[in-house]
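Residue numbers (our numbering), protein chains in the order written: chain A, 1 to 281; chain B, 1 to 264.
Heads up, a few of these hints could be off.
Stated by the list, open to error - Here are the simulated PhoX-like cross-link-like pairs (lysine-lysine), alpha carbons at most 25 angstroms apart as the crow flies:
| # | chain 1 | residue 1 | chain 2 | residue 2 |
| --- | --- | --- | --- | --- |
| 1 | A | 179 | B | 125 |
| 2 | B | 125 | B | 153 |
| 3 | B | 128 | A | 192 |
| 4 | B | 125 | A | 192 |
Rather than coming from a laboratory, the hints here were simulated on the basis of the structure.
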Amino acid sequence: MSLSEPSYTPKGRSLPQRQPIARAVDSVTFSIIAYAVVVGGIVWLAYSGAQAMGYNWQWYRIPQYFYSFTEDGFQWGEISVGLVKTLTLSSIAFALAVVMGLIVALLRLSGLVVCTAVSVAFLELIRNIPLLVLLYLFYYVLGPIFGFDRYWASILCLAVFHSVLISEIFRAGINAVAKGQWEAATSIGMSKGQAYRYIILPQSIRFMLPPMTGEVVHMVKSSAIVSVIAVAELTTIGRNIISETYMSFEVWFTIAAVYMVVTLILSVGVSFVERRYAVET
Amino acid sequence: MMGQPLEKFCRCLPCMPDSAPIITFDHVDKFYGDFHALKDISISVREGERMVVCGPSGSGKSTLIRCINGLEFHNSGVLTVDGVEVFEASKHIYRLRQEVGMVFQQFNLFPHLTVLENLTIGPIKVRKVSPPEAERTARKYLERVRIPEQADKYPSALSGGQQQRVAIARSLCMESRIMLFDEPTSALDPEMINEVLDVMVELADTGMTMVVVTHEMGFARKVADTMVFMDAGEIVETAPPDVFFTNPASARCRAFLDQILDHG
Ligand SMILES: Nc1ncnc2c1ncn2[C@@H]1O[C@H](COP(=O)(O)OP(=O)(O)O)[C@@H](O)[C@H]1O
Ligand SMILES: [Mg+2]
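Given these sequences and hints, build the entire structure.
Below, the structure is given as structure tokens:
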């Protein structure tokens with residue numbers, strides 16, 4: 001209502017404004033320009049360095065690795081196939097990691113000495129082995145013993161490695177739900193399982209979404225490591241193309257850009273979900 | 001449990017001196033680590049009785065009522081509620097909690113559920129009532145606490161007084177036979193205290209067994225059958241309100257009453 005009042009003039013002295021420079025530095029436009037300058041600088045440095053080396057750029061040969069039209073019609077290229085492999089690998093591994101992470105977190109929080117000990121032992125074991133070594137363990141040791149191939153070795157390795165990180169996200173999210181929620185759930189006769197399922201976990205999702213996004217992105221990126229056991233995902237494809245064509249600059253720039261586009265899309269997507277959750281509760 | 005309808009009817013009378021005890025503390029002690037929070041508590045609450053507990057902060061009032069529904073467990077002595085002994089390993093603890101409603105100082109509504117869902121989740125998931133029936137009951141009690149129009153809102157959209165009334169309705173929906181209140185108006189803005197107390201007075205008039213921790217002495221005078229004063233983990237004084245307010249036996253209780261009644 002006060003908005004529709006005819007031009008109100010404050011009676012008091014108006015306050016001094018911030019320095020124009022400070023305002024400009026704080027603005028969105030400025031951050032976009034700064035970002036563009038940094039990225040542009042890096043690209044320019046790489047380009048001029050390559051030029052100085054007398055590098056022979058062959059960008060025109062890159063698109064065929066995404067898709068091509070031949071006499072057989074439309075065909076996906078190797079990079080596209082590798083990308084799909086990376087995405088399926090990461091999503092299966094992520095789904096497994098979420099399930100394992102939840103179990104580890106619940107064991108840890110169960111309050112039972114045995115369960116806590118088991119989960120802490122698992123956490124410490126996985127956390128203190130480098131990812132690369134873990135991958136070798138799964139491929140060269142556990143693979144032959146339990147009979148799984150390189151594809152499943154890499155999925156299981158990534159799942160186990162990330163389950164540890166995800167269990168910490170679950171634990172923090174569960175602990176962030178107010179203690180009064182447990183008491184209210186308990187006082188209407190809910191068992192611990194019912195309280196988790198209907199009261200605690202739904203509320204902790206809000207706390208867990210931001211770090212989970214980070215974890216999805218992390219998973220897609222760390223899946224690149226499975227190229228050392230030659231699973232045909234994005235990074236392996238990159239290496240293969242280079243060994244045939246020697247276009248290392250173009251290919252690595254392209255592969256990096258593909259990873260970046262995928263992870264950016266994921267981040268934006270999840271931030272939409274987050275906003276929906278924030279409104280609902 | 002058998003003659004429940006008749007009992008419910010009888011409970012409409014002001015508390016009968018000869019009704020059976022429904023909560024009994026028999027030499028109960030409670031420790032938090034080394035801290036002695038409840039010291040040799042022996043007291044009983046009869047069916048339909050309204051007991052008001054007061055005392056200085058930290059005297060163990062919350063601990064006392066939280067033991068009744070097993071949110072905390074006592075360390076020795078016998079605590080019996082509705083014929084069932086309360087202890088951590090008891091098989092009956094979940095069933096017992098369904099019989100005992102609790103209203104908290106901070107409301108503790110479920111923020112991710114609408115008001116209606118807050119009221120129905122207990123009956124549906126715990127008591128296995130069918131959803132339509134749970135909803136009917138929920139709407140009945142929302143009517144009773146005078147906020148039927150808020151059913152589809154989320155708790156965060158409600159005022160403190162409305163939230164606390166929803167919390168009371170949530171307990172009522174479980175068809176509890178005993179209601180515990182832990183300082184239900186302490187977190188409320190002054191202008192909202194009465195709307196909650198009014199609902200509690202009405203509830204008392206239905207003959208519900210109530211144990212209320214509060215410093216609202218006007219309310220206590222109106223509904224209490226028994227006043228209890230606690231200090232330092234002990235029950236110092238137990239008396240009917242007329243005696244309690246006019247002629248308390250202990251000096252500690254008198255000093256406490258002087259303090260809180262000072263400002264009217
Ligand atoms: N979970 C707990 N752990 C340790 N000490 C506690 C705990 N809960 C309460 N206490 C202590 O027990 C005493 C009684 O607490 P409480 O029953 O909450 O008192 P009141 O409700 O009368 O203020 C206080 O001194 C408090 O610090
Ligand atoms: Mg208290």
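Checked hints:
1. A:179 to B:125: Distance ~21 angstroms between residue 179 of chain A and residue 125 of chain B Cα, so the pair holds.
2. B:125 to B:153: holds (21 angstroms)
3. B:128 to A:192: holds (17 angstroms)
4. B:125 to A:192: Holds, at about 13 angstroms.
Going down the numbered hints, you'll see the structure goes against none, and every one checks out.
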